[in-house]
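K.L.:
Chain by chain, the residues:
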Amino acid sequence: MKQNQIDRVWRWQITASAAAALLIACLLGVGFGPVNLDFGSIIRTLLGLPNGLENEDRTLLLELRLPRVVLGALVGAALATSGAVYQSVFRNPLADPYLLGVASGAGLGATIAITNGGGDLHALLPIFAFLGGVLAVAATFLVAGRLFADPSTLLLAGIAVGSFATAFQTYLQQRNSAALRPVYSWILGELTVANWDVVKWAGFYILIALAVLIRISKVLDALMLSDEEAYSLGVSPQKIRMIAVAAATLATATAVSASGLIGFVGIVVPHLVRGLTKRATNRSLLSIAFVGAAFLVIADLGARTLLSPAELPIGVITAFVGAPFFLFVLRARNRGSQ
Amino acid sequence: MINIENLIVRFDNAEVLQSINLDIPEGTWSCLVGPNGAGKTTLLRTMLGMQPYSGSIKYNDREIAKNKSLNIAFVPQRPSIPAAMSVAEYVMLGRAKLDGWGKESAHSRNIVHEMLEATQLLGMQSQLVNTLSGGEMQRVLIARALVQEPEVMLLDEPTSALDLHHQISVLNKVEEIKATGVTIISTMHDITLGAMYAERIIIMQSGRVLLDGESHAVIHSPELRSAFDDRISVHQLENGRPVIIAAKRELTI
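Heads up: the protein sequence lines correspond to chains A and B, in order. If you read the first sequence in my numbering, its first letter stands for residue 482, the second for the next number, and so on. If you read the second sequence in my numbering, its first letter stands for residue 126, the second for the next number, and so on.
Accuracy of the hints is not assured; some may be wrong.
Unchecked claim - Facing chain A, a subset of chain B residues (Cβ under 10 Å, in silico): (1) Arg-170; (2) Leu-173; (3) Pro-177; (4) Lys-191; (5) Gln-202; (6) Pro-204; (7) Pro-207; (8) Met-210; (9) Tyr-215; (10) Leu-253; (11) Ala-270; (12) Leu-279; (13) Asp-281.
Said to hold, decoys possible - Only pairs whose alpha carbons sit at most 25 Å apart, straight line, appear in this in silico BS3-like list of lysine-lysine: (14) Lys-699(A) with Lys-720(A); (15) Lys-699(A) with Lys-228(B); (16) Lys-699(A) with Lys-222(B); (17) Lys-720(A) with Lys-191(B); (18) Lys-303(B) with Lys-228(B); (19) Lys-699(A) with Lys-193(B).
Stated by the list, open to error - So, partial list: chain B residues that the calculated Cβ filter (under 8 Å) puts toward chain A: (20) Tyr-184; (21) Phe-199; (22) Ala-209; (23) Ser-230.
Hints were generated in silico from the structure; no laboratory data involved. All of these numbers come straight from a predicted model, not from anything done at the bench. We put the CB at the ideal spot given by N, CA and C, even for glycine.
Produce the complete structure using the sequences and hints provided.
P.N.:
Here you go:
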């Protein structure tokens, strides 16, 4: 089967290209802004070579832009990979990482932090958002009855829990109208809180979750079959789904708590990579992670520079790109099925 | 030989399979027949180890649930059809238990190639499975199950979504598989078709085995009509072959 070998080389080329795209995106991300930095100097600074950046430029690069770009890459990789995994687990190409109530739960947690936080909001908000997201997903499993009943029961339970969390969040906002603006701003997503501390804790959880997902990506093939066929091949689909959903939820909850709600990455990137590789999404998780990371770094660059010195919420940029792309995919699918 | 002894499966507190006892010789085709809810699919799922049970299911004197090396293939009634997966890739999944997930040995590639040829799918190996017709998909499912090199093959309503031409083509293929020594257990709604291919018919109703025997004997037994609440009638063709059809009578739904 020579065609198989050609396909494999092509797919590795795509993974390598995605990694290269991420590197270029990161370089653009740290280079451009209200003050542009010279790429040669950036590279020399990062590699510790002589004639690098100095003084304010060095601080701008290492303490402001680099942590922001790294956090953007981590969040983008987390959302894109989780979206791809959710699409495999729920056998639904439109599934996104916020499916099981993680977004609404995180939104509720963030609202509680904003309405009651007062003092150090930046320290409290991610913790509350993370707890809210994880607790909402735990509640979804609880409502679904069993740890892994079946994908559709879990989906409906996620909708119910999400609606409840959103209702509670609206109630809190109505009681405290001063919180409306910061909550709304958080919901649209932002990477302005990025510093090395946030990068460290977010990176810790996201990289663990991504490592688990990439490790089990091959066994996720079993979820493309019926449960009976998966069993006949020696795999318990329930266990695989549980591990996959737990890891994807950890990545999503961490991403949401570090950067707010950034839409469309989890749907657009897996579809884009699948269109290029012609492979089921779980078979290209590494490429999806790289492309997701590059996509969000570029989106953040747009958010920082389009209305400079003002800053757009990054969720607005991803929606501007994502929504038309989504419609394009939908039209292409419809044309294909006619 | 598959020996099922005093098999009981419970969902919550209800017994959905009640004291099933069956002996199924190797290399034979047994067809489970019965109305919806009779427990046919549950019996297949239990044989795969998906349902907790009491009693025993043994293959060559070893309990199936404890025998991880036993290769039982399953062909589902309603397949899960992934997007962006070619026919060859989908069929290759059947080798996962032998090769490991995500791996393909050269030997496996040869087996898949042979099986695609045997199921007349070779020309469409690069085609995406979500673009196939019902008959083509059924052949893909059978090819995927066959590359597993199973000792036992379970088929859940393998012909329910197919036109007559494809029904015959699929059942002929299963007959060829049986001839290689694979034990076949299928469920089917159509007793006439089941009796035409399987040498043994097992009639189930409400979680019990009502009738079990050689196909010809079961079809002509008076208990058959009572198993279907007198909603069937047996007719004889000129060549002596029996045809079972639904009896026309008042039905309350």
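K.L.:
Hint by hint, say whether it matches the structure.
P.N.:
Here's how the hints hold up against the structure:
no.: 1; hint: Arg-170; result: holds (6 Å)
no.: 2; hint: Leu-173; result: holds (5 Å)
no.: 3; hint: Pro-177; result: violated (13 Å)
no.: 4; hint: Lys-191; result: violated (13 Å)
no.: 5; hint: Gln-202; result: holds (9 Å)
no.: 6; hint: Pro-204; result: holds (6 Å)
no.: 7; hint: Pro-207; result: holds (4 Å)
no.: 8; hint: Met-210; result: holds (5 Å)
no.: 9; hint: Tyr-215; result: holds (8 Å)
no.: 10; hint: Leu-253; result: holds (8 Å)
no.: 11; hint: Ala-270; result: holds (8 Å)
no.: 12; hint: Leu-279; result: holds (8 Å)
no.: 13; hint: Asp-281; result: holds (7 Å)
no.: 14; hint: Lys-699(A) with Lys-720(A); result: holds (14 Å)
no.: 15; hint: Lys-699(A) with Lys-228(B); result: holds (9 Å)
no.: 16; hint: Lys-699(A) with Lys-222(B); result: holds (12 Å)
no.: 17; hint: Lys-720(A) with Lys-191(B); result: holds (18 Å)
no.: 18; hint: Lys-303(B) with Lys-228(B); result: violated (28 Å)
no.: 19; hint: Lys-699(A) with Lys-193(B); result: holds (20 Å)
no.: 20; hint: Tyr-184; result: violated (14 Å)
no.: 21; hint: Phe-199; result: holds (4 Å)
no.: 22; hint: Ala-209; result: holds (5 Å)
no.: 23; hint: Ser-230; result: violated (12 Å)
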